[in-house]
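Residues per chain, in single letters:
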Amino acid sequence: MSTSALTEIIERYRGKPGSLIPALQKAQAQMGYLSGETLEQISKGLGIPFSRVFGVATFYSQFYLSPRGKHTIKVCVGTACHVRGAGAALQALEEKLGVKAGNPTEDLSFQLETVACLGTCFLAPAIMIDKDYYGEQTPKTVGKILKKYIGGGADAGTPDPEE
Amino acid sequence: MNEINFFIDGREAEASDGMTILEAAQANGVDIPHLCHAEYLQPTGACRLCVVEVEGQRALMPSCAVKVSPDMKVSTGTERVVRARKMVLELLLSAHPKDCMTCDMAGKCLLQKYCYEYGVSDTRFKGGAIYNYPEHRDNPFYVRDYNKCILCGRCVNACAEIQGDFIIDFAHRGFATMISTPLNRNMKDSGCVFCGNCVAACPTGALRERDAAGVAREWELNKVSTTCPYCGCGCQLDLNVKDGKVVKVTSNPSAPVNGVALCSKGRFGYGFIHSPERLTVPLVREDGELKPATWKKALDFAARRLCDIQGESGADSIAGLASARCTNEENYLFQKFMRAVIGTNNVDHCARLCHASTVAGLAISFGSGAMTNTIADISQADVILITGSNTTETHPIIALQVKKAARRGAKIIVVEPRRIQLCDIAEIHLCQKSGSDVAWINGFINVIISEGLHDASFIENRTEGFEEMKAAVKKYTPEYVENITGIPADALRAAARVYATAEKAAILYSMGITQHTSGTNNVMSVANLAMLTGNIGKPGTGVNPLRGQNNVQGSCDMGALPNVFSGYQQVSNPDARKKFSAAWKAELPESSGLTATEMMRAAIKGDIKAMYIMGENPMVSDPDTGHVRKALEKLDLLIVQDIFITETAKLADVVLPAVCFAEKDGTFTNTERRVQRVRAAVAAPGDSKQDWRIIGELAMRFGYRMDYESPERIMEEIASLTPSYGGVDYERIDREAVHWPCPSKSHPGTPILHIGAFTRGKGKFAAVEFSGPDEVPDADYPMTLITGRILYHYHTGTMTRRSRPLDEHVPQAFFQINPEDARSLNIADGQFCDVTSRRGAISIAAAISDAVPEGSIFIPFHFAEAAANALTNSALDPIAKIPELKVCAARVSPKEDAQRMLKY
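Read top to bottom, the protein sequences are chains L and U.
Following the numbering used here, the numbering of the first sequence begins with 1 at its first residue and continues without gaps.
Following the numbering used here, the numbering of the second sequence begins with 164 at its first residue and continues without gaps.
Treat the hints as calculated values from the structure; they're not laboratory data.
Note that the coordinates shown come from a computational prediction; the quantities given were computed from them, not determined experimentally.
Virtual Cβ for every residue (Gly too), placed ideally from N, Cα, C.
Warning: the hint list may mix true and false statements.
Said to hold, decoys possible - Ranges between beta-carbon positions, derived for each pair:
{"no.": "1", "chain 1": "U", "residue 1": "A652", "chain 2": "L", "residue 2": "S4", "range": "29 to 39 Å"}
{"no.": "2", "chain 1": "U", "residue 1": "E280", "chain 2": "L", "residue 2": "E37", "range": "47 to 57 Å"}
{"no.": "3", "chain 1": "U", "residue 1": "E280", "chain 2": "L", "residue 2": "G36", "range": "36 to 46 Å"}
{"no.": "4", "chain 1": "L", "residue 1": "S4", "chain 2": "U", "residue 2": "E280", "range": "17 to 27 Å"}
{"no.": "5", "chain 1": "L", "residue 1": "T138", "chain 2": "U", "residue 2": "A339", "range": "51 to 61 Å"}
{"no.": "6", "chain 1": "L", "residue 1": "E40", "chain 2": "U", "residue 2": "A846", "range": "12 to 22 Å"}
{"no.": "7", "chain 1": "L", "residue 1": "E37", "chain 2": "U", "residue 2": "Q189", "range": "41 to 51 Å"}
{"no.": "8", "chain 1": "L", "residue 1": "E37", "chain 2": "U", "residue 2": "R660", "range": "32 to 42 Å"}
What the hints assert, rightly or not - Derived pair list, reagent style EDC-like, types lysine to aspartate or glutamate, alpha-carbon separation capped at 20 Å:
{"no.": "9", "chain 1": "L", "residue 1": "K44", "chain 2": "U", "residue 2": "D587"}
{"no.": "10", "chain 1": "L", "residue 1": "K44", "chain 2": "U", "residue 2": "D374"}
{"no.": "11", "chain 1": "U", "residue 1": "K927", "chain 2": "U", "residue 2": "E623"}
{"no.": "12", "chain 1": "U", "residue 1": "K408", "chain 2": "U", "residue 2": "E383"}
{"no.": "13", "chain 1": "U", "residue 1": "K351", "chain 2": "L", "residue 2": "D132"}
{"no.": "14", "chain 1": "U", "residue 1": "K276", "chain 2": "U", "residue 2": "E298"}
{"no.": "15", "chain 1": "U", "residue 1": "K908", "chain 2": "U", "residue 2": "D897"}
{"no.": "16", "chain 1": "U", "residue 1": "K405", "chain 2": "U", "residue 2": "D828"}
{"no.": "17", "chain 1": "U", "residue 1": "K351", "chain 2": "L", "residue 2": "E40"}
{"no.": "18", "chain 1": "L", "residue 1": "K16", "chain 2": "U", "residue 2": "D545"}
{"no.": "19", "chain 1": "U", "residue 1": "K459", "chain 2": "U", "residue 2": "D1013"}
{"no.": "20", "chain 1": "U", "residue 1": "K460", "chain 2": "U", "residue 2": "E449"}
{"no.": "21", "chain 1": "U", "residue 1": "K454", "chain 2": "U", "residue 2": "D816"}
{"no.": "22", "chain 1": "U", "residue 1": "K638", "chain 2": "U", "residue 2": "E614"}
{"no.": "23", "chain 1": "L", "residue 1": "K44", "chain 2": "U", "residue 2": "E590"}
{"no.": "24", "chain 1": "U", "residue 1": "K925", "chain 2": "U", "residue 2": "E631"}
{"no.": "25", "chain 1": "L", "residue 1": "K147", "chain 2": "L", "residue 2": "D132"}
{"no.": "26", "chain 1": "U", "residue 1": "K567", "chain 2": "U", "residue 2": "D545"}
{"no.": "27", "chain 1": "U", "residue 1": "K742", "chain 2": "U", "residue 2": "E753"}
{"no.": "28", "chain 1": "L", "residue 1": "K44", "chain 2": "U", "residue 2": "D352"}
{"no.": "29", "chain 1": "U", "residue 1": "K271", "chain 2": "U", "residue 2": "D374"}
Looking at chain U on its own, in the form it has when it is part of the complex (with noise of 0.2 Å):
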């Protein structure tokens, strides 16, 4: 961008042309002062309080929305525009509470601060209207005080720019004016999905947080930037401490991956950190009863167990889970007890529930099995294929980026079972059966094959393996694949047709591709697609599998795999168990281990006899609940290290209390391979601890030094041993951003992968055959039952059913019928129903909704009372060991006795 030279208040400066007037200024260090602008959005030039002089020009300027020019003379302080100003602050007045000593705003009130700056203390606008709205308590998010409202339209612009919901506008007019939803309908029946990105947006009290009404004064609370603990996205969000407690989030528009934008769960989602049900001190079962115990009770316990089975059965009979919730330093910590202190490779985590078969599957496509682009680079797209992926709910921040690539004319594309949200402003819909997503997939390949609109070049210079895979789609016609898939074949083509012929297309999925029998083989069909299109390596594109928890890319690039040490390095690779060897000073062991779900099927059969669980809930979150409980109770020894009493700690001999993310250091990595900084803000109650001190204090006791003075110190082993880590220290990520792989210091880290070559040299076409799901709908279980997350609750809910917002607003489990589903089984909105499975069985709410397909049913998992996964299968991707999670036949039967509304 140009320079150009301009005057501000007599003195020559610079600025970049296509700055605002306001822009140059702040460039200049000169501060002018404004209420409706915020960076983070379009000027609007309405509350007129930016107003400048500029020479030549006979009014005032609105300095937000006026773009400075070469030479301009601007002057910003000037008696005349000092009068303007404090008129639009007197008007403002007259019409606003003055009852600062009681606002919760008061501190960061910029209606307040411009009044103090200007020394305007009352109004001369007497006896115009003075509101008496009555505040708008409808929803368990925020609180809308209208007459606090200065009408500047921040919230409206943040609805519409950063969310892009448009759920408030303008309404009426003259004095009656007011921010309003349609109809003045409460917020949930407008369609909000009380994200408070117009909270964050509103420069007065007119909107707040209502869990932090008269809590603290804004200069009593103590800002920690930390990364939010929920979604992969990452999300960068400011825990509010007072008094040791935090008491509100705030975002912060410098945030590198979400700017102001959070959703409901980050924002408002913190209230589980201070309950009253957090664990403060260590626990042993002794008479069947888990009874509180001293540290050392309760490690000395655990160590001696763990040796004397360790000594009895072999190192091979114990297991661990490590933690997607924990941050790097301790997942590597947690790989390297199991490795090299108890000398076992079995080790996983729930990625292998997840995304174990993007990991697989990309892995030999690709050669390394992560979001191939960032999140910002997906608004950069011209045409977005969603599949498997409901990303408004699951990857809020990532659906804003979607929104903002449609609103700027990129089209859509949903491949779903449902009509999820993004249907909304999706070009196309295409509405698939559930688990036949290599015929579909296979389909575009044979459309975009026949109709030559393939990338010969890059095909060409950049893979291998065409002609074979070419080969297996060659019957997957439109029509053979309509039969499979049940998508029409014309719609399939026209879809073909939109993503092949698009400049920059990119491919985002979810667990909708990856929880199949068929996972790995979905994954390499994804990649067949990309490649074969040449949308790979650049800017706009890409295959972006989006990881769903916070720490679930930073756990397997960690080695909380059974497979492979941290950066993907293999166990059975001897020159990388050399190195490991050397480093942790333990002989390790050279075979693969098991995966988290043949753990639970191996300590059924007895191999298995010791397991040690951090931060991992499987009694909710593994499928077929019932097969995970008779394993994890026919253990010697359960070791469970967490922050609550889950439905596994219950199961357990030890439980050990970890803390929260808010109150430890290290760093998680987010989905798109970013490594960002977690930050302690409040101490940990009671006698909890560290999980990386636990792990350290249990190794001890092994006569295994793994005394860190800090996550700090365990980063740095983390870099020195894995090359993909090598350039990140603390010190770095705080100043930038780094997305690995980033090999040393001076590496500027990766955004985009396989730029110019693919992680594994030439990208692998795979030839890939459609299978069916391992169970479908028969005359017993007529109903395809698929399981999934809703946007205000967090895997096993554990966090998020102790957030009162969000708890308050979704209480209780649901699962989503089609109406004409439930009429022929005649079964109200809101009624109990039994959902059976060949698994088990579940009692559970029905919640009437078109967003599902005839034939099938949504559930919801995050409710352990009704534990969608009590019914699902457990069956297995043959490579990756994902199990079905997203597909099992079951059976509804609404309940005669329980007609309870449903309160979602």
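For reference, chain L alone in the conformation it holds in the complex (with noise of 0.2 Å):
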């Protein structure tokens, strides 16, 4: 991230009280990720212990230590969406992508996570790129959906929690 940017960051939230997850949500979405240096800046600019920035970065799962992929799939492995056959779709997803649920992929297009319930049964099995559903998927439907995305044919990144 830009110096700037986090600097502006931190100047909205310095001196005031629970300030920091915002600025950790802040520069997170400025970045995609919260890198050791993004930390310890946030430490030093809001004046907290870097140990405690640390520990709430590590505590919240919307925090992520390190880079991410670009496009961020969540396969729900929910109740509905496994008895309809999510397995198959991940393992199609795992396998195409090159990757185990929890990763990015290794030129960083995409970020592969599994989630119990993207409250869409109507749709199992269920994914969820960046902002869009994707209903009824199976190991065919998944690939046609990630060409979409591969070459930058859709351009949202990781949305800002915010938002």
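Once you've looked at the hints, go ahead and assemble the two chains, each given alone in its own frame, into the complex.
Here you go:
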């Protein structure tokens, strides 16, 4: 992240109680993840011990401490999706992307994750890529959808959690 | 505090309002088990082991976090409570290794204790995650084994609340939760200072002292409470002894000065006690070599030679250096020996090198030269002005009070040439040129007077000499001061206002103020500033010189100084002389003796022919060590009494093996004038002898009886002759804190000096003019050399460098140099350089650091092989005769061939 963007975020929250989480969210929204350096700068900037910043950043699942793939694929493995064949769809995605769930692809174009429920059981098995839902997925359909995103087909990055 | 009534387990009980249920139960003799809670930490209510039933409350209440209230009905041992506690223990056991049989903490582990008490031997929660974390051995001090961690958070809170450093915290979540440094870095890179207070707080075996691994079970240890042998804070610690060996040091929450807190030296610096290099037999020089001898031979030889020299050249050709490391009793006896037996006032000790200017300056200003307030009192201040003291490194436990005050909202002003760690929490850091202290203090005073911020009624009622002082500071306008000190005028004004407008402002200073040719003037300036604002004689204020060594205060109090008997009774005062003469049954010399610094010069001139040095190492600690060597080599007789063959002992004719703090009884007086016990924990090695017995046996050979039964008897004599120690006895200081002056058994002691009146009556303002250091940088020697201490070593390193963790952590000498200077001189980090002054040269590794300003370098003086004092200037303050150890001119040149890495 550019230093000035981070400085701006720090300036916005400096001295305000309870501002660590929003500051971390903004910083992550800018860069996609929170590097050690970013955390240290936020710690210094907000005057919060680095150990505490690290503790908060590692406590919440919304914060990422390592680089993420550009497009986040969330494969629902909740009950309904599981029953309707989410496992096969997930396996197909893992094979096509060459990563296990929970990891970014080598070229950092995709981040493959599983989630417990997307709240769209009527679309089971469902996946979500960035902000878009895709229902009734099979090993075949996931491949087609991926193509949309390869080579910058869809431009949405990691969403800003405050939006 | 109001008393309230409540009910515990069916009976009526009393508690103070504000107590937690746990505290109230303890006050009534009911123990409630607890893991996350420690009485010295804020309650967190995390472990839920301390739950109790409170009538009318649906849920069980964590007793450590809930306050007791009137008529509350508390049940601590109902079936429901016991069931809940067993559940907590079983849950903890589900992820805890069951290796009590090999765990060092067995017998001390609270989890083990409560499992035993509640009959919990196994867990019903099987198949959960069993951790398999690697054991962290990333530092020489302690091991972190998070497999044994129960996540109580005590270490986190100890680091934050006691040490104030926030190095560790909870990280991750759920089963993966663990205590971690930021980014899981190693401890050193995370900024840990290895105080080990987290280790002390850990209730299980997750944090353990490395050197105590596999050495002893808890029940095999005999704990002896004593006073730390390092700095002047005077911490109490427990020596843990097994089979006659100190195997561990632990801290005790009930310790009066430090509580559970210790620093890395106090907790991990005990290895020297059993060093194989300890002296075990006397040595006498024969054919140019020091050879083992019997006590009889060594003492006979020493006494005969002393006697000969006394006869041939007079008593004043003999001089003695007592020791700030030895006890009050030994120092008292040493000066008694020099005065009553030898017949000279040539007795001094290393206070000459650290706070002679304090003793002289504050005696002039206030009438007594010691810390005016107590250590605990510092945390009550609203503003703390720290100058010439790198407190976190030199007085770590006092620094905790400063940090505590800052967390409470007190403003910290640091005036230091270097960017010290306390600058991180300081409101203002003024960076003055080395040796310009009178100028900036006069500048403060100028601002305060011109803005009308002085305390006119205090000045009127309590002081004298104000007008003269006012006239003297008139020209020290902030702009004028900026020219001398480099402190921007506006920053000086701002700082002066912060200090002057505080309700309670304390000043802490140390050798950055005292070790100058203007040392006494510096001290009197500091006193001026405090009196000007009425910041003296009340809590949270004062002028607080932080004394450097464990018993440097006591050694001064005991009269190990050339001009005074014990209790600062002047040798020139006929009444005092008469009193001591009668008690000691000896004629006593009238004129003041030579100071330590003057002794060396007199030795070179041939006026001093014999020296008796007890527990000091002037070959490393004194300025211009080349000059010291010349002096000591010139002597006809050098007697050294020490625990190691120090650089000084190597030059001796007779070396007398003495014992260390862990092997002796006595007292030390800490920097806040508190007299505390030292207790023998282990036997002395080999034939080494108690210092007081050695002095006594020497005296005996002069036909002078000094056959005390014990140090306690010596203290009785001290109390009878020393008004300020009149009320001190061993039984009493075991029971309560005694700060001198304490003239009688019924006197409560004096934690705060100068309440109502100064010791000398009225406080004396001194009109003080700035004068620069004796030696300033020039074309040949363009850098300013600052010397000082670091946290991990002490004085000349004889003890800390023989204590494994400290030595391993900082194994070699280094000098700090600013990155800009390093760049222009083409010096890489870790590169060996020649540092040269007009007096000597050393080869030493560079540590590039922006803690030192451009144009200055800093060298710690602990390392004999690269002794900073080979370079320092022995120019003296004209009043206190303290040398200017803090400033001299030096040159740095990188060595081409030696590009070795710095280990620290």
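So, going through the hints one by one against the coordinates:
1. A beta carbon spacing of about 33 Å between A652/U and S4/L agrees with the range 29 to 39 Å that was offered as a hint.
2. A C-beta distance of roughly 48 Å is found between E280/U and E37/L, which places it inside the suggested range of 47 to 57 Å.
3. The hinted window of 36 to 46 Å between E280/U and G36/L holds, with their beta carbons roughly 44 Å apart.
4. Taking the beta carbon of each, S4/L and E280/U are about 60 Å apart, not inside 17 to 27 Å as hinted.
5. The hint said 51 to 61 Å for the Cβ distance between T138/L and A339/U, and at roughly 34 Å that hint is violated.
6. A hinted range of 12 to 22 Å for the beta carbons of E40/L and A846/U is inconsistent with their spacing of about 51 Å.
7. For the pair E37/L and Q189/U, the supplied restraint of 41 to 51 Å holds, since their beta-carbon distance comes to about 47 Å.
8. At roughly 38 Å, the beta-carbon separation of E37/L and R660/U lies within the given 32 to 42 Å, and the hint holds.
9. About 11 Å separates the Cα atoms of K44/L and D587/U, which keeps this hinted pair within 20 Å; it holds.
10. A C-alpha spacing of about 35 Å is found between K44/L and D374/U, which places the hinted pair above 20 Å, so the restraint is violated.
11. Simply put, K927/U and E623/U have alpha-carbon atoms about 12 Å apart, close enough for the 20 Å limit, and the pair holds.
12. For the hint pairing K408/U with E383/U, the CA-to-CA distance comes to about 12 Å; that is within 20 Å, so the pair holds.
13. Of the supplied pair hints, the one linking K351/U and D132/L is violated, its CA atoms being roughly 46 Å apart against a limit of 20 Å.
14. Taking the CA atoms of K276/U and E298/U, the gap is near 24 Å; set against the 20 Å cutoff, the hint is violated.
15. Of the supplied pair hints, the one linking K908/U and D897/U holds, its CA atoms being roughly 14 Å apart against a limit of 20 Å.
16. At most 20 Å may separate the alpha-carbon atoms for a hinted pair to count; K405/U and D828/U meet this at roughly 19 Å.
17. Proposed proximity of K351/U and E40/L is supported: the alpha carbons are some 16 Å apart, at most 20 Å.
18. This hinted pair does not check out: K16/L and D545/U have alpha carbons roughly 24 Å apart, beyond 20 Å.
19. At roughly 56 Å between alpha-carbon atoms, K459/U and D1013/U are farther apart than 20 Å, so this suggested pair is violated.
20. Taking the CA atoms of K460/U and E449/U, the gap is near 12 Å; set against the 20 Å cutoff, the hint holds.
21. Simply put, K454/U and D816/U have alpha-carbon atoms about 10 Å apart, close enough for the 20 Å limit, and the pair holds.
22. Restraint check for K638/U and E614/U: the C-alpha separation of about 15 Å stays at or below 20 Å, so the hint holds.
23. Using a Cα cut-off of 20 Å, the hinted pair K44/L and E590/U holds, with the two alpha carbons roughly 16 Å apart.
24. With a C-alpha separation of about 15 Å, the suggested pair K925/U and E631/U falls inside the 20 Å cut-off, and the hint holds.
25. Our distance criterion of 20 Å between C-alpha atoms is met by K147/L and D132/L, whose separation comes to about 14 Å.
26. Of the pairs offered as hints, the one joining K567/U and D545/U holds, with about 11 Å between alpha carbons and a cut-off of 20 Å not exceeded.
27. For a cut-off of 20 Å, the pair hint linking K742/U to E753/U stands: about 13 Å separates their Cα positions.
28. Annotation: proposed proximity of K44/L to D352/U holds, straight-line Cα distance about 16 Å (limit 20 Å).
29. In summary, the hint linking K271/U to D374/U is supported, as the alpha carbons are separated by about 17 Å, within the 20 Å threshold.
Violated hints, listed in ascending order, are 4, 5, 6, 10, 13, 14, 18, 19; each of the other numbered hints is respected by the structure.
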